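Chemist: Sequence:
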Amino acid sequence: MNKQNYAGIPDELAKLETAKIVLIPVPYDGTSTWQKGADKGPDAFLDASANMELYDIETDSEVYQQGVFLADAVTENASPESMVEAVHLATKKYIKKNKFVTVFGGEHSISIGTIRAFNEMFDDLTVLHIDAHADLRESYDGSKCNHACAVYEASQTTNLIQVGIRSMDVIEKTVMDEDKTYFAHEMAEDDSWMDSAIDQMTDNVFITFDLDALDPSIMPSTGTPEPGGLLYYETLEFLKQVFEEKNVVGFDIVELCPNENEKSSDFLAAKLYYKMLSYKFQNEDSEDAFESNFNDANNQGHKKSKFQTEDDY
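With the numbering used here applied, the sequence shown covers 15 to 327.
Do not take every clue at face value.
Stated by the list, open to error - Within a straight-line C-alpha distance of at most 16 Å, the following computed EDC-like cross-link-like pairs (lysine to aspartate or glutamate) qualify:
1) LYS54 x GLU276
2) LYS254 x ASP137
3) LYS110 x ASP137
4) LYS285 x GLU251
5) LYS187 x GLU152
6) LYS260 x ASP217
7) LYS254 x ASP209
8) LYS110 x ASP310
9) LYS285 x GLU76
10) LYS254 x ASP310
To be verified - With beta-carbon atoms standing in for the labels, derived distance ranges:
11) GLU152 x TYR247: 32 to 38 Å
12) ASP204 x GLY22: 40 to 46 Å
13) ILE232 x GLU258: 19 to 25 Å
14) GLN18 x ASP217: 34 to 40 Å
15) SER206 x ASP74: 17 to 23 Å
16) SER93 x THR216: 31 to 37 Å
17) ASP86 x GLU251: 33 to 39 Å
18) GLY22 x ASN261: 26 to 32 Å
Please keep in mind that the hints were generated in silico from the structure rather than gathered at the bench.
Quick caveat, the model's predicted, so the values are computed rather than measured.
Virtual Cβ for every residue (Gly too), placed ideally from N, Cα, C.
Starting from the given sequences, assemble the full structure and let the hints guide the process.
Modeler: And the structure:
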């Protein structure tokens with residue numbers, strides 16, 4: 015990947031020491047089973063971000079002023095399991111530095127590592143999973159770290175809320191909590207789904223956003239596009255409400271599969287990422303310190319990880 019400041023922001027706003035926000039790119043596409051190319055997603059996203067206006071009209075803010083540090087990309091790809099662990103370690107490293115940590119993939123299997131890190135560091139975590147696919151298989155193609163398994167672990171260890179689902183295997187019904195699952199065909203007929211989903215969330219929320227949750231009419235460049243998805247402004251309405259009512263502790267965005275002949279998807283991903291940051295920080299002065307509410311005692315307490323947790327990485 016080309017190392018550059020996120021969105022071309024000035025160097026003084028891109029330093030780890032002073033930035034409130036960390037962006038970790040994960041250009042991984044090791045387990046996708048149809049269209050390949052999600053490993054090119056982070057570069058396409060960063061290129062689009064560099065050509066984006068940095069004033070957000072809706073929030074009347076320039077969130078880049080909070081500082082955004084572009085971390086080194088996680089490039090481990092020896093196996094899905096080693097990639098997940100590398101993402102887990104990198105994410106946890108920056109949470110411990112009291113940063114608002116965000117991740118851009120890559121395929122959805124990267125979220126296993128990000129969710130694992132956030133769940134270890136934040137009490138009583140809700141994972142808000144926005145996606146076309148349920149991703150609840152315990153194992154697929156011989157691995158528990160396949161993209162089809164992206165939120166299985168979260169279903170067992172966190173309060174998982176699923177939104178926009180419109181494609182799944184029947185075996186996933188044995189794992190799914192249908193009371194906390196908002197199917198696309200039901201959402202199209204009942205606009206109370208937003209309040210209902212938020213009512214089921216705990217205070218601390220991590221968002222994992224698969225871009226194929228969006229309708230392919232506005233987001234064609236994904237590996238597995240599904241008809242009947244979310245449109246842009248209803249998505250923003252929901253996200254804005256989540257950020258206003260809950261403490262969003264971090265998020266990832268995955269499954270941009272760029273097409274050199276179709277750049278609008280890259281730009282939508284860039285705008286969505288920036289909009290989510292704008293909602294998070296719209297009421298904060300850039301001079302104010304950022305205080306994460308992560309619980310470092312979780313490293314030694316009841317959420318102690320069975321995975322590697324050394325800080326020497």
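Chemist: Check the structure against each numbered hint from earlier and tell me which ones fail, lowest number first.
Modeler: 2, 10, 15
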